[in-house]
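Enquirer: As a plain string of letters, each chain reads:
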Amino acid sequence: MTLLSDPRGVAPIRDGIGEPDYGTPKSTSDVIVSVTIDGATVQVPAGTSIMRAAGENGCAIPKLCATDSLEPFGSCRMCLVEVDGRKGTPASCTTPVEDGMVVRTQTPKLGKLRRNVMELYISDHPLECLTCAANGDCELQDMAGVVGLRDVRYGYEGENHLGAEKDQSNPYFDFDSSKCIVCNRCVRACDQIQGTLALTIEGRGFNSKVSPGGLNFLSSECVSCGACVQACPTGTLEEKSVIELGMPTRTVQTTCAYCGVGCTFNAELRGDELIRMVPAKTGGANEGHSCVKGRFAFGYASHKDRVLEPMIREKITDEWTKVSWDEAISYAANKFKAIQAKYGDNSIGGVTSSRCTNEEIFTVQKMIRTAFGNNNVDTCARVCHSPTGFGLSSTFGTSAGTQDFKSVNKSDVILLIGANPTDAHPVFGSRMKRRLRQGAKLIVVDPRKLDLVESAHIKAQHHLQLQPGTNVAIINALAHVIVTEGLVDQEFINERCDTEAFARWMKFIALPENSPEVVQSQSGVPAQELREAARLFATGGNGAIYYGLGVTEHSQGSTMVMGMANLAMATGNIGREGVGVNPLRGQNNVQGSCDMGSFPHELSGYRHVSDDAVREQFETLWDVKLLPDPGMRIPNMLDNALSGEFRGMFVHGEDIAQSDPNTKHVMAALEAMDLVVVQDLFINETANFAHVFLPGTSFLEKDGTFTNAERRINRVRPVMAPKNGKQEWQIISELATAMGYPMHYDNAAQIMDEIASITPTFANVSFELLDRVGSLQWPVNAAAPAGTPIMHVDGFVRGKGLFIETPFVPTEERANRKFPLLLTTGRILSQYNVGAQTRRTANSIWHHEDVLELHESDAQMRGIKDGQKISISSRIGETTMRAKITDRVPAGVVYTTFHYPVSGANVITTEYSDWATNCPEYKVTAVEIRPADSSADADNSLDDVLMKV
Amino acid sequence: MDVNRLKMMVIQIDQNIAFAGPKAEVIATHLRKFWTPQMRKDIFQEIEKNPADFSQDVQAALKLLHGEAKA
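As you go down the protein sequences, you meet chains R and D in turn. Using the working numbering, you'd call the opening residue of the first sequence number 1 and step up by one each time. Using the working numbering, you'd call the opening residue of the second sequence number 1 and step up by one each time.
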């Protein structure tokens, strides 16, 4: 038998890798107690376990079943201690310190007990440490060394688990139960951290074993978040990449580039090879948790499809020609200049990407405002959260969510509208589920029955299953009940809000047209359910609103955001922990792209271009004259391309030909342009219409910052050198320079310094500060040097909170005889947006094609069977998908995701958009479906998809 | 730009916008803040051609903006 001894306390297992583990969670008590451990007196918060108190003070106690991300369990009997005045040897993980307590962690008696326990573990454990993938990262191995185990008296011939079969079904990790010590950490991680409860301990006594239920991990309810793998103290649950490539030797902390949660990860490498991404416990947004995308789906960054050399072509029907960077940049610059010379300065523009860093985005919008000489810059936030900016700035005075994610831990009633966090924002979804399991109440407003409506240990008090397009009617009805039943928080309103505006709003909202009884006929939600939900929200304690694109992507998206803000103010749910109005941003840097001045009407920090004083600051800094009028939005650019006025576009990391509505219209507009420059990782749908392709960098190569949905500015650090040879901000600077506006930065930190110098909410931000403190939530300035986790604490940013009337104006897009169903769209856990990244990973094993969910009655009426190919048509276009019959959607509503170009979800979405911001109305499209004929598009089979991975 | 699209947009703004103040001014402020000068010009021309297609408030808003543009 070989045991490698690597005595460790709480320190990382290998130098520079991993994080300390204090065994039990930190106590949040303000009361400090004194305890003497091994002769040293230490002071810790009351409620701290002996294990943690000892560990924090350099006196680590051996442990196996304890880890500081989980509640103590007390099963392994390794952490026994002696306490003066107490009988026996209590487990230090489950015993909290008491004032004056005297503890001994190392005595001959304890040593013997621990060795005996360890001896039993090892007697049923494979003796293959040297060849085990976990060698060097195994707590069992370490603890055997720590307790001084030298021999196993029982032999290894008795009944054991050494022949247990490996479960290798999951694409990212293996489960080798022969190595399992049944410490329960994986089961508890799945319960307590992820909240899926997919794992259990099956059997009793010697027959106890960890089971994912079902046949194996892949067929179980496991969501592959990786929490179990991280919690496992042995090599039982191990990343396939570690098994194949070996243990990492160094780590770089960076930020995930998927959704708007913005999880912090330790990228663990071996040389320059990325072995695994491990969620950082110090991450402000995720606190050690992750989802299947951030944890495992990073393989796209090194996918064979990545384009690493610049390419140009004269016409989009030509083959691409690889060229040097200088040639590509000069080609693009000359073409842009030629277009402007012929058609005017206003004939070109660009789009920034919410997938890119703040520094890259800032340089793109700067290039457009300076080198292009116009304000024709827009961002993909146009098609997702632009109504959030409009609505929250109008009512509260700032274009951002009010809370940090942690705030949900203090919420008593959660109003979840048009968002599906367990799929689209999984790490926040887990946090929310944890609070719900603790007893918080949940009201879900969604046409579709989400997992959160009813799942393990979670049941929404109210599911307001409304007809798509009737959000505003619902929010008005909730407010109507609160106003007419005298449930408003008058004290908050008198103190914090514009009372004249409130009086106007109250008069409006009390109108009979906003009553639940009237709204029932519009929305399909029973009036009584609406009344009960409103009462619960108004009287249930801290009420928090969380919302997603199911709010914004409507023709009344901005009205709805204002309606939610009204509701929060009317009930006094703003300005403290547990409350607020919180947009769940779709992409990693939607918040940042808006902050950085990507909209055509405003400069960084949401300052309008018409403000002479603001413009003057930028003009002085940039040494250029700026235009005082708004530029074109994306839909304006596309419309003007078709009419011949707009001829050239710079598209930064965005696939508008797939993601924007009415694909046919978008493609026609792109085709009509003289020059389309795409900067991206892959030849995406938009690049099919491009004349210049500039290779981009993946998040693993970027140097900069992302700002997540809670306004948290996180560092994105380069894990490896740019595979394309350049940072994206360098490429943009070179293009601006080639167009005649000299732009130069030595590094990304300089760009952030420029942002900070000109953007009041970022005034104190710097890479140096971020590297020192980890992350910061803006505003970060002289008034808030440590950032602002919660907004509007002492008053609204705009002064007094402004109630705004929110009349319900139904969309023009309505079901009729020809198109009797309403289509709405959403995302699924394993895939991300247009799928350019996740489709190039093994995540496709869970979702290899988009399907159309429909109710059984709608299927029966049309003779459609589950799994059958069907044709979906709207007045805009037609596409085919496979049918999935489900009770998640009510009769009359159908639902799909949009992760595969072949599905053509946006071939059928319409040109309707939000009245204030032109955010497209993706969530309501009138459609008809029928069985597809035999000539329908070829299947997107799992084998085909995995072949491409 | 496609004037029918602009027409649809301005009618939608008229139907939905509910900020306090005289409606024409509220509409004008919105268009000033978010529309390009060319869009404002194009819709003004359309209103001059087909005023009956637009509400009094929209007409007044556009006249206000046109006056500013000329000044």
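I should point out that these hints are in silico values taken from the structure, not numbers from a laboratory. All of these numbers come straight from a predicted model, not from anything done at the bench. Hints are supplied without guarantee of correctness; some may be wrong.
Claimed, not checked - Below, computed lysine-lysine pairings styled on BS3-like, alpha-carbon distance capped at 25 Å:
(1) 63(D) with 800(R)
(2) 23(D) with 63(D)
(3) 625(R) with 33(D)
(4) 7(D) with 664(R)
(5) 70(D) with 23(D)
(6) 800(R) with 33(D)
(7) 7(D) with 625(R)
(8) 281(R) with 26(R)
(9) 41(D) with 625(R)
(10) 23(D) with 507(R)
(11) 33(D) with 342(R)
Enquirer: Please go over all the hints and tell whether each is borne out by the structure.
Expert: Against the structure, the hints come out as follows:
With a C-alpha separation of about 32 Å, the suggested pairing of residue 63(D) with residue 800(R) is violated against the 25 Å cut-off. As the CA atoms of residue 23(D) and residue 63(D) are separated by approximately 13 Å, the hinted pair is consistent with the 25 Å bound. Between the alpha carbons of residue 625(R) and residue 33(D) the distance comes to roughly 19 Å, so the proposed pair stays at or under 25 Å and holds. Taking the CA atoms of residue 7(D) and residue 664(R), the gap is near 22 Å; set against the 25 Å cutoff, the hint holds.
Among the hinted pairs, residue 70(D) with residue 23(D) is consistent with the structure: their alpha-carbon atoms are about 22 Å apart, no more than 25 Å. Simply put, residue 800(R) and residue 33(D) have alpha-carbon atoms about 22 Å apart, close enough for the 25 Å limit, and the pair holds. Under the criterion of a C-alpha separation no larger than 25 Å, the hint pairing residue 7(D) with residue 625(R) is inconsistent with the structure, at around 32 Å. For the hint linking residue 281(R) to residue 26(R), the alpha-carbon distance of about 12 Å falls within 25 Å, and the restraint holds.
Under the criterion of a C-alpha separation no larger than 25 Å, the hint pairing residue 41(D) with residue 625(R) is consistent with the structure, at around 23 Å. A distance of roughly 18 Å separates the Cα atoms of residue 23(D) and residue 507(R); the hinted pair therefore holds under the 25 Å criterion. Pair hint residue 33(D) plus residue 342(R) does not hold up; C-alpha atoms about 28 Å apart against a cutoff of 25 Å.
Of the hints listed earlier, those the structure fails to meet are numbers 1, 7 and 11, in rising order.
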